[in-house]
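A.B. asks: Given chain A, work out where chains B, C and D should sit, using these hints.
Protein chains: 4
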Amino acid sequence: MMGAHPRRVGLLTGGGDCPGLNAVIRAVVKASTYHYGIEVYGIRDGFDGLMNDNMDLLTADDVSGILHRGGTILGSSNRANPFRVPVEVDGEKRYEDQSDQVVAVARARRLEAIIVVGGDGSLTIGAQLIECGLPVIGVPKTIDNDLDSTDVTFGFDSARAVATDAVDRLHSTAESHQRIMVVEVMGRYAGWIALEAGMAGGGDVILIPEIPFDLEKVATAIEKRGQSGRRFSIVVVAEGATPRGGQIFVDRRIEDSPEAIRLGGIGRWVAHELEERLQWESRVTVLGHLQRGGSPTSFDRILGTRFGVEAARLAAEKLHGRMVSLRGTEVTSVPLADAVAKPRRVDPSSAIVSAARAVGTCFGD
Amino acid sequence: MMGAHPRRVGLLTGGGDCPGLNAVIRAVVKASTYHYGIEVYGIRDGFDGLMNDNMDLLTADDVSGILHRGGTILGSSNRANPFRVPVEVDGEKRYEDQSDQVVAVARARRLEAIIVVGGDGSLTIGAQLIECGLPVIGVPKTIDNDLDSTDVTFGFDSARAVATDAVDRLHSTAESHQRIMVVEVMGRYAGWIALEAGMAGGGDVILIPEIPFDLEKVATAIEKRGQSGRRFSIVVVAEGATPRGGQIFVDRRIEDSPEAIRLGGIGRWVAHELEERLQWESRVTVLGHLQRGGSPTSFDRILGTRFGVEAARLAAEKLHGRMVSLRGTEVTSVPLADAVAKPRRVDPSSAIVSAARAVGTCFGD
Amino acid sequence: MMGAHPRRVGLLTGGGDCPGLNAVIRAVVKASTYHYGIEVYGIRDGFDGLMNDNMDLLTADDVSGILHRGGTILGSSNRANPFRVPVEVDGEKRYEDQSDQVVAVARARRLEAIIVVGGDGSLTIGAQLIECGLPVIGVPKTIDNDLDSTDVTFGFDSARAVATDAVDRLHSTAESHQRIMVVEVMGRYAGWIALEAGMAGGGDVILIPEIPFDLEKVATAIEKRGQSGRRFSIVVVAEGATPRGGQIFVDRRIEDSPEAIRLGGIGRWVAHELEERLQWESRVTVLGHLQRGGSPTSFDRILGTRFGVEAARLAAEKLHGRMVSLRGTEVTSVPLADAVAKPRRVDPSSAIVSAARAVGTCFGD
Amino acid sequence: MMGAHPRRVGLLTGGGDCPGLNAVIRAVVKASTYHYGIEVYGIRDGFDGLMNDNMDLLTADDVSGILHRGGTILGSSNRANPFRVPVEVDGEKRYEDQSDQVVAVARARRLEAIIVVGGDGSLTIGAQLIECGLPVIGVPKTIDNDLDSTDVTFGFDSARAVATDAVDRLHSTAESHQRIMVVEVMGRYAGWIALEAGMAGGGDVILIPEIPFDLEKVATAIEKRGQSGRRFSIVVVAEGATPRGGQIFVDRRIEDSPEAIRLGGIGRWVAHELEERLQWESRVTVLGHLQRGGSPTSFDRILGTRFGVEAARLAAEKLHGRMVSLRGTEVTSVPLADAVAKPRRVDPSSAIVSAARAVGTCFGD
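Chains as they are written, first to last, in our numbering: chain A, 273 to 637; chain B, 273 to 637; chain C, 273 to 637; chain D, 273 to 637.
Chain A on its own, in the form it takes in the complex (with noise of 0.2 Å):
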């Protein structure tokens, strides 16, 4: 008899780090707890910790003082995909659909509702529990910002004030010599970061995976800033960046490949080549996962707290199967299946690509 207990939804994140989900936990929490009298629990690492039931009550004071801190205090998993679980069987590895389990932990521990913090793949095994009867809200989370049904997510407004922060480093001192300033940033299948950052920071060229670039167009345009007296270019590249043709298609998954020792990089690569080619000193700076730590800007505790005020909204009102978004300057909410199909990238024709040409940026198209 439901009456007799209060209500419950748990709450879990998912995928890769991000600045502002302790925002949203913080909100999920205070608002299903102050206003709707629901509690909230928190389920560790991803759905990791929803498979082996590993979860606890968040009260107002677990949440209390986190809303500035980076990281997840819930931990995550960039692994775990209940329809998707590694097993050994004959000493054979398989994979096992093991959502069944998910749902009977729902169901056990009385959770209405499941809010799934994360990027498109948390987001979509979301999108398929609701097909096994869970219902799920969804709190869009890329740092790439590469979800077309919101406007923007959070976590992308901190890691594009951390890349512009260390163009503008290179920039102070770049001046001071002959130099090319290689500076790579995340994005490998969108370019959103290295296009603003390097929009903010006044980056001579702007390297995405969007627009497959010709080194000798980005010599070209180096050259031509040296002969007008500018003895410096600053060259920001998104990890994904790949030159026309894609030779190094491999830098994509930079990080899984024994490749990606052997080249170091696709940042270190167009330093080594531009170095070559024009006979000027490349310094080369890899930002990694700098972009996804530190505390979160305003901008994005905000927008976390406003996803998390309404992520708890949806869960009381039952209005599942929807995903919380940002359209103008109102957050509202869509189906969550429609949400995860559409990536959003960089549109080589857009107004904002076209604003960097207009103030002289180098695409290498």
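Keep in mind the hints are simulated off the structure, nothing from the lab.
Any given hint could turn out to be false.
Copies of the same chain look alike in the list, so a pair counts if it fits in one copy or across any two.
[Stated by the list, open to error] Only pairs whose alpha carbons sit at most 25 Å apart, straight line, appear in this in silico DMTMM-like list of lysine to aspartate or glutamate:
{"no.": "1", "residue 1": "K614", "residue 2": "E602"}
{"no.": "2", "residue 1": "K496", "residue 2": "E403"}
{"no.": "3", "residue 1": "K365", "residue 2": "E547"}
{"no.": "4", "residue 1": "K489", "residue 2": "D333"}
{"no.": "5", "residue 1": "K496", "residue 2": "D333"}
{"no.": "6", "residue 1": "K496", "residue 2": "E548"}
{"no.": "7", "residue 1": "K489", "residue 2": "D392"}
{"no.": "8", "residue 1": "K590", "residue 2": "E311"}
{"no.": "9", "residue 1": "K365", "residue 2": "E553"}
{"no.": "10", "residue 1": "K614", "residue 2": "E447"}
{"no.": "11", "residue 1": "K489", "residue 2": "E545"}
These numbers were taken from a predicted model, which means no experiment stands behind them.
C.D. replies: Okay, now just chains B, C and D, sitting in the frame of chain A:
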């Protein structure tokens, strides 16, 4: 015979300082020069320079390296208004309309149009100049983000970041003592900075002009926190916040009035009153112009750049009498005359205020 | 029989907040636990917790992840003094010496020694406790850096950084207008923060307690700048700065006095007076506790760590009655009794003040 | 006849970039101009400008507003050495001593002395020039802080701050996953940045050139942390760190060698090896020139200012052949010839290394 001469536009920045102004200037100059072959004349100190023909040609070199800098390389002026110039006639002070002179200067300089980057005041003057036959294009600039015809204005994100950083710092030190920490932020008529910095920093109390506060209720909220073991509270006050009944409405114009010296500002007053009521120590921080200074955030640099590029396009295509604007993720434009008419204040019943309440914020109402 | 028990020391943080306290706590606990097998008892809220036996064992886990955090996980207390405890006897208020109780608590807890991290006040109490037979080891903590027996104290570098950042921000916005920007920083008796933040930020005028100022001279200096085309001036004022003759000596205790409310602080007063004299607009920023908050700088974290490790060593080797200290690049220790005796104020004839004058700084004398 | 002319000194900045250079330039110019009535000639691009007589008079206006800026307004040059100028004679490359030309230029310009702001290389050239009869005054500049004749050099504090910020960011994101985070910082021969940023950031493993590491021991330390429930470890690696036996000594000159491209740097190598051994995910950040860029810290600005003022004094008082230096809190000077002779590396048995070990840091030895 126009053809013989390069096309020309004037550019001025008016009103208070705002991070991102240099991004606009840089973008207008680079886009006009590279892209449209239009010369940009930089007008010094706002309308003052327009009245006194104080302007110079700006080249791409002039605007290189300014993107990340606060302030405006053109200078500004708070007071200058060609329609209301103070003059002395037989020893007594009067005001004269010298707009005809402005038009004459623009003609003499062969300026096709003037791009006015400014707030409410400057844009209103801009709109009036249009009626005098001087083509004007507007770029909105208000650190308070109180303009209805754009989702957001550059400068606000930077100001909010400074205010949020202040709340963060107070948090980390407040926890060590039993204390009330009051921080006074900008916002005489619109409370956006206080509201959003308060949300981003996790302020316990947020006091804004749009929601007159009852000090008794603020004291009660702080006391409750104390009873639940939280030994400190952080109060974010907009400089224009007023208690119910508005006894100290004077604070609204804190800087012009002798009262201001007596009273020392609303922040100090609130701290003093709470200390009296609760017998807790209180401390006050008044951010003042810190919020207008420093390097703009990535967001403000990009928005400033996009606004500048769009303003250059409007000028090139002779789309005069319009103001650039952000809607969702797209830069567009609106009629200047309408734009200045609609202020944008915090709606006490809006979703964002509800979100702040949902996570436990007290507005003193 | 000592041998049967692990050795134990107590640790408390007293007085005002100071970035780097957590670094000291972490280092004392880790060094004592890992290196010497000595248990550390964390005493809550300074001497208050020592009087009321409010303390817990601190493990390495308890202090993990606190190094970068401002504040002190032990809490502090500005007032508590075991030699002067306010009590009420037949309705009237008196002060009692309850130091014997403190000694009793320490004995009962088998604390070999108490490590006192504090400023002038707390260390003086520490020195008195030694005379009562309670072994004490001192770690100096003063954000004002006004202790002669160490080259520098942790916290000062962080406070100076906050104040310098403020001066930088004001610079970038001041340049856009004709203005006097006044920033009030900490320092009631010693002007180190104002002096060094003023030097680091390129402040035009620096007013400190050690050099009584003549407002006329300040006004003249600002006017001179104006004539030489510099339209703005930045004035850095220590909260304890006083005009010649000291008419408003009251400001020295700005926060305790009703006068404070009337006057709004020395910063506001200076801004007001200069505005009157020069007819330039002025703006005021009062940093207040921002200077005590936020994440400590690298310097303060390292110094705090080194001080903590040295304090643990002194405790382990029973070198009681000493205070850790930095001399050049080496951490050493001095007799606690001597240490507290010698304040360190800015010497108006010192090389660093001359250096500030050499680059054109006005001290108003 | 000297008297007829104002006195003159030359000023150049040599070698790699370093935050604080502009503070020195500003102080030398302001102190010389205001205080001693000596003209300062700014020499472009280090010794290159001295050989080619590329210099201009610097006024107080020229150096206004540069204090907070990174880089050097004079530009620099890594290679130029008047004692070893590459020339081509009958198609083959040789090196020529052109120091006589430098002396001639200085005479022609009537430069009493040259103030050389530089590191090991530039100061050694300075010392040699003295023997050629050209008075030189030295200002030490090394971001690595590897000079024995001064307690610290400007630039180091800023570089350490950037590296510490990186470690902080990695901390906040590492906690969310089981991971090894590797950050590669500057320091080819001296490990100060790695050591102190590691201490300040609470890095778990610190690898520096002065302490050859055993990867097996590093892996064991990380594994131990894992067993005690800490799911992540942060490894701070100096670019010049070398494994026992030094198989990959090549990394020492990572940027000059084709090997560098193959190997991708010591940081990437360590991450790869640890991933192999422990089967934990690893991530790499390579800070590179971020550490030389950005606005100098307050400490570096003040030290640069004090060094500049002292150098101006030495020049004014004709105390040639000396290098300014910091001892404790006092700025003093030492004979230039001795100064360059003594490098300062991390002593593995020093108190600061012991302090790092005492709080649990693993050095892999």
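A.B. asks: Now look at each hint and say whether the structure bears it out.
C.D. replies: Against the structure, the hints come out as follows:
Proximity of K614 to E602 under the C-alpha cut-off of 25 Å is found in both arrangements, the shortest distances being 20 Å within a copy and 19 Å between copies. Proximity of K496 and E403 under a CA criterion of 25 Å is satisfied in neither setting, with 58 Å inside one chain copy and 43 Å between copies. In this assembly of identical chains, K365 and E547 lie within 25 Å of each other by CA distance solely across copies; the values are 22 Å between and 46 Å within a copy. Proximity of K489 and D333 under a CA criterion of 25 Å is satisfied inter-copy only: 22 Å between copies versus 56 Å inside one chain copy.
With identical chains, the CA atoms of K496 and D333 are at most 25 Å apart between copies only, with a shortest distance of 14 Å across copies and 59 Å within one. Taking the shortest alpha-carbon separations for K496 and E548, only the intra-copy value of 17 Å comes in at or below 25 Å, while the best inter-copy value is 45 Å. Taking CA atoms no more than 25 Å apart as the test, K489 paired with D392 passes in neither setting, with 34 Å inside one copy and 39 Å between copies. With identical chains, the CA atoms of K590 and E311 are at most 25 Å apart within one copy only, with a shortest distance of 14 Å there and 52 Å across copies.
When the C-alpha separation of K365 and E553 is checked against a cutoff of 25 Å, the pair qualifies only between copies, where the shortest distance is 21 Å, while the shortest distance within a copy is 49 Å. For the identical chains of this complex, K614 and E447 are neighbours neither inside a copy (42 Å) nor across copies (31 Å), given an alpha-carbon limit of 25 Å. Taking CA atoms no more than 25 Å apart as the test, K489 paired with E545 passes inside one copy only; the shortest distance there is 12 Å, against 37 Å between copies.
Violated hints, listed in ascending order, are 2, 7, 10; each of the other numbered hints is respected by the structure.
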